[in-house]
Structures are given as C-alpha cells and as structure tokens.
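Spelled out, the chains give:
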Amino acid sequence: MKSTRLLRKPEGGEKGAAGGVSRRGWLDRIGLGSLAASVVGTAYALVRSLVPNVLYEQPLRFKAGPPDRFPEGATFLEEQRVFIFRQQNTYHAISAVCTHLGCTVKMVSLSQPKTVTIGGRQVQERHEFQCPCHGSKYHGDGTNYAGPAPQPLTWHRLEVSPEDGSLMVDLGSSVNRDFRLTV
Amino acid sequence: MPNLKGIKPREVWRQLTWTWKPASEREAGDSVVRNLLLHWFPAKVSLGSLSFRYSFWLGTISALLFLVLCLTGVVLMFLYVPSVERAYQSVKDIEFVVSFGWFLRGLHRLAAHLMVAAVFLHMVRVFLTAAYKNGAGAGQNRPLNWIVGVVLLLATLLLSFTGYLLPWDQLAFWAITVGTNIASAAPLVGQKIRFLLLGGNEIEQSALLRFYVLHCFFLPALVLFLFAWHMWRVRKDGGLACVDQLALGHKAEKTPPVRTKTYSLLGLTKGRTVHVETALADEDKYTVHAMPHLTRRLLLVTLATLVVLFALTMVVTAPLEEPANPRVTPNPAKAPWYFLWLQELVTISTINIGGLTINGALIGGIIVPGVLVVLLAIWPYVDNTGAATTGVWFAAARRKQNIVFLVVVAVVLALMVVGTFLRGPYWDFYWPWEQWPQIPKHF
Chain D
1 MKSTRLLRKP EGGEKGAAGG VSRRGWLDRI GLGSLAASVV GTAYALVRSL
51 VPNVLYEQPL RFKAGPPDRF PEGATFLEEQ RVFIFRQQNT YHAISAVCTH
101 LGCTVKMVSL SQPKTVTIGG RQVQERHEFQ CPCHGSKYHG DGTNYAGPAP
151 QPLTWHRLEV SPEDGSLMVD LGSSVNRDFR LTV
Chain W
1 MPNLKGIKPR EVWRQLTWTW KPASEREAGD SVVRNLLLHW FPAKVSLGSL
51 SFRYSFWLGT ISALLFLVLC LTGVVLMFLY VPSVERAYQS VKDIEFVVSF
101 GWFLRGLHRL AAHLMVAAVF LHMVRVFLTA AYKNGAGAGQ NRPLNWIVGV
151 VLLLATLLLS FTGYLLPWDQ LAFWAITVGT NIASAAPLVG QKIRFLLLGG
201 NEIEQSALLR FYVLHCFFLP ALVLFLFAWH MWRVRKDGGL ACVDQLALGH
251 KAEKTPPVRT KTYSLLGLTK GRTVHVETAL ADEDKYTVHA MPHLTRRLLL
301 VTLATLVVLF ALTMVVTAPL EEPANPRVTP NPAKAPWYFL WLQELVTIST
351 INIGGLTING ALIGGIIVPG VLVVLLAIWP YVDNTGAATT GVWFAAARRK
401 QNIVFLVVVA VVLALMVVGT FLRGPYWDFY WPWEQWPQIP KHF
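Residue numbers (this note's numbering), protein chains in the order written: chain D, 1 to 183; chain W, 1 to 443.
No lab work stands behind these hints: they were computed from the structure.
Note that the structure is a prediction, hence the values are computed from the model and not measured.
Glycine included, C-beta positions come from ideal geometry on N, C-alpha and C.
Certain hints may be false.
[What the hints assert, rightly or not] Once the Cα atoms are required to be at most 30 angstroms apart in a straight line, the calculated BS3-like pairs of lysine-lysine come out as:
1. W/8 x W/21
2. D/63 x W/285
3. W/285 x W/92
4. W/21 x W/5
5. D/114 x D/63
6. W/285 x W/21
7. W/192 x D/137
8. W/334 x D/137
[What the hints assert, rightly or not] Pulled from the structure, derived: some chain D residues nowhere near chain W, Cβ distances all over 10 angstroms:
9. 26
10. 44
11. 101
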C-alpha cells in the first residue's frame, strides 16, 4: 500500500551537508528535549511535594511520667502502644505493635502460671500477648510462638530524664531482651 | 424574522428526537452516527452478542454501577468533610440527618461492593469464554484489552479500598492499618510506598486526605480513561468474541466473503475488519440494528441493575462503628470482604526456612497476589489453543486451564467465606453456631 508522506523532508534529507544532524533535525531535538525536560521536571516537583518534610506526629521519644507512677507488673500506655513493666526498681518496655501487620496486641493474663521454654531456658509466665487481627501469640517476654508474627515484639530503650527524673521511652529504639533500667 | 408559519410542533419534536426512535432501517443506521450518546455503538449487532446467556451483560452492569457511584459520590462530596476531626461526624450526619442521606450512602456503598463483584465475574466470564483471544478479524488485539481489563479490576479494588477509610470509624481505621502494612512488607520499596501513601508513618490527617483525593479524583479519572480505552478496543476488535465464532463458522461453510473497500470514521485504512465482510454483516438472520435492539436491552439491564441496587439499599444498613481509635484494635479486626482472602493468606503463610522467618505479609500479601495478577495479565499469550475456541463457553480444548482457573477462583472464594463468617476473636476458627467468647474491649 502506498503511503502518503505527511511531512516534507528538507532538501538533502535528514542529514546535513557534512553528514551530521541537519539544522531542522537539531532544532527538533532541542524543542522536544526541552519539552520533555519541562514535563519530567514538573512531574518530579509534583511528586516530591507529596513527600512530607515535616511530620506533625507524636514524637517517638517521650516522657511517661515519674517511675513511681507505675505499679508493680505491667502498665499499658494506650496512646503510644507500649507496655511498661516494673519489677521492684527495674523497668523495661515492650512494644504492643504486632510485628506481623501492626495491630495492637492484647495482654492476656493466664489463670494458671505456665512454664515455657524460651531460647532453651525454662521460664514461668503469668501473662502472654495475643494479636486480634491474625491470631499471633507471644510469650510474656515478647517472643513469638504461634501465628503469623515473624519476629518477637520490640523491646524499647528506657531512660531517666536528667531534667525531672521521669521515665523516658524511646519508641524508635530497639534493645536486647536482657535490658533493664534500674532506678 | 423567519417565517414560522406552517411549522408543526410535532415535526419539530420529531426532528429533535428521531435518533431515539428511528422509523426506517436507514434512520436506524443513521441514528448511531448522528447521536453523541449512541455513537459508540455499531450500526448492526449480532444476535449472539445481544444474548444474555453469552455475556450476562456483566461489563455493562459494571459500567452502570460505576455511573451510579459517580453520581452518588459527587453528591456525597458536598456532604462529607475529609478531616480527622469532622469526617466521622459528617458521615453520621449523612446517615441520620441529611434527607435521603442514608439512601445515598447505602447506594454508594452497595454499588461499590456490587461493582467489585460484577467486575470480577466479568473477568471470570471472559476467561471461561476465551474472549481474550483474537479470532477472525484483522487488526484485533484482544490480549491488550484483557490487560486493560485486569488493570480496571485492580483500579476497582483500589477505589473500594480508598473509600473504605473515609468514614473514619474503627472498621475503616483497622482495615486500612492492615492493608497499608501489607504494602510495607514489599521488599525494598514497601516502607516508602506506605510512607508516601499515608503522607507519614501513622494513619492521620494526611493519610485521610490522600485517600480522599485518590478516591474522589485520581482513581475515578483512571477508571474513566481505561473504560473508554476498553470500549474503544471492543469496537476495534469487532465486538464481542462470539462474533468471531460466527465469522469463523461462516468462512467454513461458504465461499470467502467479498472484500470491499471500507471508509471508516477514521479515514481510509488498510486491512479488513469483521464488519467489512459484507456477506456476514448484511445477513439479516445473524444481525439486527443496534438502534433500537441494543439500546432496548441496555435500558432493560439498567433497569434490572437499579432495581436490585435499590432493593438491597432498602434492606441492608450501611454499618458505622465507633469513631476511629488508634489505641484500641477491635477483636477480630477484618479487612473488607474482597481482601479477606488475602488476610487469610497473610495469617497462614508465615514460614520458617532454616531459621529465617519470612513474614506472611510478604508471601500472602505481596507474592501470591502479585503472581496471580502477572499470570492473569500474560495468560492470553500463554494460552496457545487455536482461534476456534474464541468466544466459546467451556471449549473442550481449554478444559484443563478452565479447571485450574475455576479451582483458583474457588479457593479465593472459600478463603473469603472463612474470613468473613468463620473467624472470631484472635482470628480463631469458630463455626457459625459456636458462641464467641466474651472479651473485654480494653486492656
């Protein structure tokens, strides 16, 4: 089938006299190139503007109040989704965010103490954690033992504020499970 | 001043409306060219593509539901406030204060659920009839249109998912928590995608606004564009796939059709389309005029869809739970039903290989659905049965792939049923007749 040429080519074809790019071809490239650059640049600006530079979210490091405020055993800080544990004068914090898909785990008190083996050690526990979303289960120290959770609950660093002596929780941190803050 | 004497009102009325009521075959052919709303129809349609039994009109039903969603959605936009402080209250107002507000919201919600179902069933129909295959016409590219359809299915799911957050109640908040955390399980980019989608690390104001804009503008615009492309391709491909069956059968029993020149609306073009084969297109025993036969059925399907939708809206109450509370996870927390099969998968698919634990969110939430979507998209290029199976329900040559496809569909549906009806607190399994244990809501 004979096709009709829509655009008349310049005399001598696309190639210039010396075999390089013709003036028209060069102008085409400049024009299309700048058009592409402006489109890509604007697209980048549009997308980049949607990546926040400042987050108005709760700070990850916060004061939880004076250490005396916490009773023996576990206290759940709803707002920050973290459990603070106190054993006499030692403290530790376990995250309540399920490591599977981020639901808030619930602490379930066991009616009878249960002896479990965690990492080769026999431990007696009176509570465990369960996730309502997909049924993950964790031992009292946050070790996952059933359900889809891929890793243990995070232990967060605790500090004593040098300003007023209150307990500080750092939700951005992760510490080993032998971490204890002694006050 | 023109002479208005002798102009009869009835004549004027007829001049304005004749395309809707053609009085002759010629007018019937003209009307689809002259009328904007009818211009995407062909002049003549084969009886097979009009039949309810072949297509169940599922694509049309999907499009109608999308139209209902657009109309009700735009009105709801006037009534809804996408702010964390006021979203829940404004939905409550829509439900209990605004005149017919409950009806609008119910319609919108049910049309959304039904659209997910209709689009899915449409896909099942197209697969089982091998309507993604090219048949007899020149210039066909049905595999491409199938891919457009797969993207439309995904867009429909995303539309429904983004709309799910907007009431800002507990149901919404936790479904989106689970959903966006699945996204973050994707390797390398997952966390970034979640961050960009939410506009932060937490589901707060920026997440609500982003979902709102995606839901009300971005995704509908995408669906509208893809829908137009989808319909355009259906016409370019010579209509529904069952037409090809007609043409193939025709070729077998008769001398080759007459080749004629064609002047399409797009100008002089090379090659032939199904329509050009005059011997077929002109035979009255196979085809009828689109106007009024296609439009009549279209209106009938519209009416039936609306009747079902209205009736369901009267009976089903749209739920509105307590306001969103990031501190309290409802027990059990469930994703929307069409994602419950994924939730079941992410629950059961965490695996441990030699001490390395792979999160079920990656396997069940990303890999399995990802593989399924890729398989769907490339299937027309994998299916190497001949053109003879095009547009045939349960063709014998495709028995194996149809069975595999139906098994996958059945598994997905079964997981949905388990997730919807058989999962209780802590995602434990309960039969419907078993009592759920009473669990305190707060720690």
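Outcome of the hint check:
| no. | hint | in the structure |
| --- | --- | --- |
| 1 | W/8 x W/21 | holds, 18 angstroms |
| 2 | D/63 x W/285 | violated, 83 angstroms |
| 3 | W/285 x W/92 | violated, 57 angstroms |
| 4 | W/21 x W/5 | holds, 26 angstroms |
| 5 | D/114 x D/63 | violated, 34 angstroms |
| 6 | W/285 x W/21 | holds, 22 angstroms |
| 7 | W/192 x D/137 | holds, 28 angstroms |
| 8 | W/334 x D/137 | holds, 18 angstroms |
| 9 | 26 | holds, 33 angstroms |
| 10 | 44 | holds, 14 angstroms |
| 11 | 101 | violated, 4 angstroms |
The structure is inconsistent with the numbered hints 2, 3, 5, 11, although it conforms to all the rest.
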